[in-house]
Each structure stands twice: as C-alpha cells, then as structure tokens.
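Next come the chains, spelled out residue by residue.
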Amino acid sequence: MREVYIIGGGVTKFARARPEADFRLLVKEAFDRAVEELPGPGRDKIDGTVCSYFSDYFTRQLMAEAMVQDYLGLCPKPSRRIEGGGASGGLCLHAAWEAVASGRMEVCAALGFETMSRVNTAKGNELIALASDTNFDFPVGGFYTGYYAMMAQRHMHEFGTRAEQMAMVAVKNHGNARFNPYAQAPAMLTIEDVRSSPMVSTPLTVLDCSLMSDGAAVVILASEDAAHGLCSRPVRITGVGSAGDTMRLADRPHGKVVPLPHENKDDYEGLKYPGVHSFRGGRIAAKTAYEMAGITDPPGELDFVEIYDSYTSSEIQGCEDLGLCRYGDGGRFVESGAPFMPDIDYGLKFRGEGGWKSVPVNPSGGLLACGHAIGATGLMQAVFAFWQLQGSIGKHLGDSTLQVRNARRGLVHTHGGTGTSVTVTIIEAVS
Amino acid sequence: MKKDARLSETEEGTVLYGVDPIIIGDRFGIDYIHSYAQDSPFFAGLSKGKLLGSRCPGCGYVYATPRGSCMECGSKTEWFELPLEGRVHTFTTCYLGSEAFLGEAPFTLILVEFEGANTLFLSRLAGADPEEMKIGMQVKARFRRKCTFRPTDVYFVPYEGDDQRRR
Chain F
1 MREVYIIGGG VTKFARARPE ADFRLLVKEA FDRAVEELPG PGRDKIDGTV CSYFSDYFTR
61 QLMAEAMVQD YLGLCPKPSR RIEGGGASGG LCLHAAWEAV ASGRMEVCAA LGFETMSRVN
121 TAKGNELIAL ASDTNFDFPV GGFYTGYYAM MAQRHMHEFG TRAEQMAMVA VKNHGNARFN
181 PYAQAPAMLT IEDVRSSPMV STPLTVLDCS LMSDGAAVVI LASEDAAHGL CSRPVRITGV
241 GSAGDTMRLA DRPHGKVVPL PHENKDDYEG LKYPGVHSFR GGRIAAKTAY EMAGITDPPG
301 ELDFVEIYDS YTSSEIQGCE DLGLCRYGDG GRFVESGAPF MPDIDYGLKF RGEGGWKSVP
361 VNPSGGLLAC GHAIGATGLM QAVFAFWQLQ GSIGKHLGDS TLQVRNARRG LVHTHGGTGT
421 SVTVTIIEAV S
Chain A
432 MKKDARLSET EEGTVLYGVD PIIIGDRFGI DYIHSYAQDS PFFAGLSKGK LLGSRCPGCG
492 YVYATPRGSC MECGSKTEWF ELPLEGRVHT FTTCYLGSEA FLGEAPFTLI LVEFEGANTL
552 FLSRLAGADP EEMKIGMQVK ARFRRKCTFR PTDVYFVPYE GDDQRRR
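If you read the sequences in order, they're chains F and A.
Residue numbering for the first sequence follows this note's numbering, starting at 1 and increasing by one per position.
Residue numbering for the second sequence follows this note's numbering, starting at 432 and increasing by one per position.
It cannot be assumed that every hint is accurate.
Said to hold, decoys possible - Distance condition first, Cα-Cα at most 27 Å in a straight line; then the derived DSSO-like pairs of lysine-lysine:
| # | chain 1 | residue 1 | chain 2 | residue 2 |
| --- | --- | --- | --- | --- |
| 1 | A | 479 | A | 571 |
| 2 | F | 256 | A | 507 |
| 3 | F | 123 | F | 13 |
| 4 | F | 256 | A | 565 |
| 5 | F | 77 | F | 123 |
| 6 | A | 571 | F | 272 |
| 7 | A | 577 | A | 479 |
| 8 | A | 571 | A | 481 |
| 9 | F | 395 | F | 45 |
| 10 | F | 272 | A | 565 |
| 11 | F | 256 | F | 272 |
| 12 | F | 13 | F | 45 |
If you're looking for bench data, these hints aren't it; they were derived computationally from the structure.
Note that the coordinates shown come from a computational prediction; the quantities given were computed from them, not determined experimentally.
Isolated chain F, as found in the complex (with noise of 0.2 Å):
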C-alpha cells in the first residue's frame, strides 16, 4: 500500500437551512475552498471522486454524487457514491484513502453533504430512524435520541456517570465553537443551561444533542509524489479502522471487554460488555488503526482527537472506546478537564485529578456545536484535523484560539447507527 496524504479540505458554514444552495452548489463552495490553495487550476489534478451523502429521502434525489460530480465539472473522471449512516463521511474519507493507496488514483477528492432543512425536525427524526430495524425497532417509537439515551441511561447505571458530567461535554464543545466561524451554533453554556433546557428523551436535554444541518464538506487526498508536488503543508493519513456492531441494540453482546495495548485486562473483571453501555465497533475500529499507526498509548500519543459527538453522551462513550480514559472512567475524565482546551475560559472548575493527559477532544466544536450534515460530517472533522495538524487553524479559522499547540498527531472518529458502523482514522503532522 502506498502512503497517503490530505492536501486540501474544504468546508461550508453548517446551518439549520441553506436554502439559496442546492446540494450540488454547497458541495461546490467546499470544493472551490479545498483546491483555492492547489497550484493551478486545482480541479484538474483530481483523477476522481468519492461522495457520501446519508439519505435518499432527504435528498430525494438518487444518483446525487454523480451530479455533485457533473456540477464541479469533473466529468467524465469516476465517481460513486459511499454511504454508512452517520459514518458515511468517514466511510468515504476511507474510500478515497483506499483509491490512492491502491494506486488507482494519485489525487482522489472525498465529497459530503446533506440537506436536511428540506423537512420539518420531526420528519427529519424519522428519515434518520429509518436507519434502525424497520421490523422490530422503528414502528416502536423509532427515534435515535431514544436509542442514544437508552445507552446513556446504562452508562450511568453501570458506571456511575452522570447527567451534569454529560452537560460539561456540551459546555465544552459550544464554548470552543465560538472561535469557529463555521459553526452552526457556538455559545457560552453553563452546566445548568443545559439542564434546564427541554428534555428530548431521558436523560438527554436539547443540548446535549446534536443539530440538524445543510453543510458540505470536502478532503484531497493524495499520494506521496503527488502531495510533495501539490501542497507546501500536506499531512499524511497513518492509520485507519472501521469496524461494526449488530443494527439493534438488543442484540448486543454481553461479552468480555477488547482491551487496548496500554490496558490491563484485569481492570474490566465482571464488566459485560460491550452490552449497551459501549461501542465495540468503535473499540476494535480505534485497535485497528492504532496498529496500523504504531500507536500503544493512545492518550500519550495524540494531540486531539475530533469525535462523533453526536449526544454528549456519545462524546463520553467514545473517549473510553478510544481508549482515552478506561472504560467506566468517560464522566470524571470531563470533570478532570483533561479534555478541554487548555487556554479557554469556560467558567467551570475542574476536578484535576485522575492523573489524565490532556487531549483536547472536538476543540472543533464538533457536531454539538458545528452542525450536523449527515453525509458531510466525518469529512468536516477530518478538515479542521488536517488544519490542526497544518498548523493553519488561524488562518483559516480567523483566530488561533483552538489551534492545538504542537499538534503533531490526531484522530477523527465517525459513528453509523447505534455504532453500528464506526471509523477511525490516525493523521499525522509531516515533518
């Protein structure tokens, strides 16, 4: 396999509704972003495309990506269309991975959006429940912030985590989102705004989910000659992992725990796992790619990481799954503080203890804060991971607030289903 680099991302701002751009055209915004810093005309450097876009309802319109492709003049190079729930756009990151490692292409372009402004919130609930067993789980009340709470409210049973644990994560990534102009929502909170805010579905307040978004997204990757000869700043993908679960939740094992290198077995005696409490996709996806990437401690070894935020609940979850605190161990890693930026004010008071590095986790804001485009948004990570990891945060962003002080190493982390599909992919700084 050949080595593999992102030379160029691109994002449009996240919004509730963007109904002045079609889908060909927010792609287009993003696209035009990624290649602006391209020698030449950029576009014709790319051999083919990659599209992920979630639903067909919301779309309403299949064959999309080849007119996303048709609409960015990039005809008659391939295209096809990559889709895994809300995993599809690092399912995607993936396959253009894969089109360059492979050698078929030296210079592949991952494209994603989504358009859900085009129905109302509730509707829009539905469309994304139909990504659960339409037999057995949809006609009971098919509803992914029931599914996600369901799995949140075992978390806190098993492992004592709790709800006020869960707001410091929407603190958190609201509070770093008002440093990125492309986020949908940025804001101070307290621990109590989100609290007292509506209940969506026991535990989980409207913050604690995630938004609803129109948004597009675009990554260049690129092989090694072609990086060097195309970008003065690339950095190189060292490491990827996908891996799956069950579609139901009720079919989840209650097994024994996948330990990582720096875990000890022993400290998850007696735990069922992964039950409904953990990922095990996101799990073995981290294990997978932490070989590949030569990784063994992984809170030692990352800078930040931008996870799939998509309930804080989920943020909390993943961060075990990762391996970034043991499992069980997610609430008092956010008490701790370790996962903040170190350098903002969020007006809450840490704990400090637990002896935690600090990794900054979604200093993006992430989907929280950031938005939510479906088919858009393992690329949208992925873009503000290559611009950390570029060291060029403030310039795009406007203001190096949340530019991660010597981010050499990052991981940006993507959810499908109930984790029925997750993603995990290792970027590197290039020396």
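Based on these hints, arrange chain A on the given structure of chain F.
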C-alpha cells in the same frame, strides 16, 4: 400532426413558502407491500399472546429478539416461547420523537432482559411515570386485543412478581 396541441391545465397550484429562492411544497410517499418473511412467526405469535424468540441449536445462544440465523455460529435458529416476565435493562422517556410517533409522546422505551436469554427486546412500557422508572424493575408483557401485526402489539407494564436473579 397538430400545431395547436396543448397539454392539459390543472388547478392544483403549488404550496409556495418563499420566492427568493423559490421554495415549494413537494410530497413523496410510497405504499410498500412488506413481507416479514422469515420473521413472520414472531408477528403471528403476538396475535396469539405469545412472545417468540430464537434459540440456536448449534451453539445454544438464545435471542430475545428473533433472528433466523445465529450471529455467533451461523446456524439456522429455532423458534421458542419466551417467558412473559422480564426486567428493565435500560429505559428512556421520549418527549419528542419522529413525526410518526409525535402524537404518542411522551412514551417510554425499554430494553427488556429475560431469564435465560442472551439478548434483549425493545418495547414500550406503559403504567409507570418517568420518575418511577428503574433499571432492574420487573415488567410483564401485555398484548393488544386488536392486533396490527406490528411489534407494538406487545408492550410491558410494571409487575410485582417473585424476585428473579438480576442479569
């Protein structure tokens, strides 16, 4: 050939939400002819007041939500009757939801665990307020009198039975 040919006019009109850009109402609906196929015996069971799960003759894995093929060993599973009492493994009360269920909110979802089953079953719980909900509480299946051949033909209610061992 007719030079004065015209397409017929309609008086349907269009729902218009805005003109800059032009935003119109547009409907999309499909009636499916949906077969439950290999899952059919479960839905037939509900109409007879039975809760059917699957058991693997190959490895002995027991599924509280049926599946025709064992996820552990790939064998074809057999049907068996689940007990009608179980415990709440986890729960949530939904105050909002998908459009299809908005009128039913708030409603409580539970995953039920059954003695001797390796997996869980998703259902609705009736008869307990959100603050009364507890993981581990005993629940009992009830069946709708007028069946609809949907998984909601069965639901659960709180139940004070003999104490069973918790999962």
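Broken hints, by number: Violated hint (a single one): 5; every other hint is consistent with the structure.
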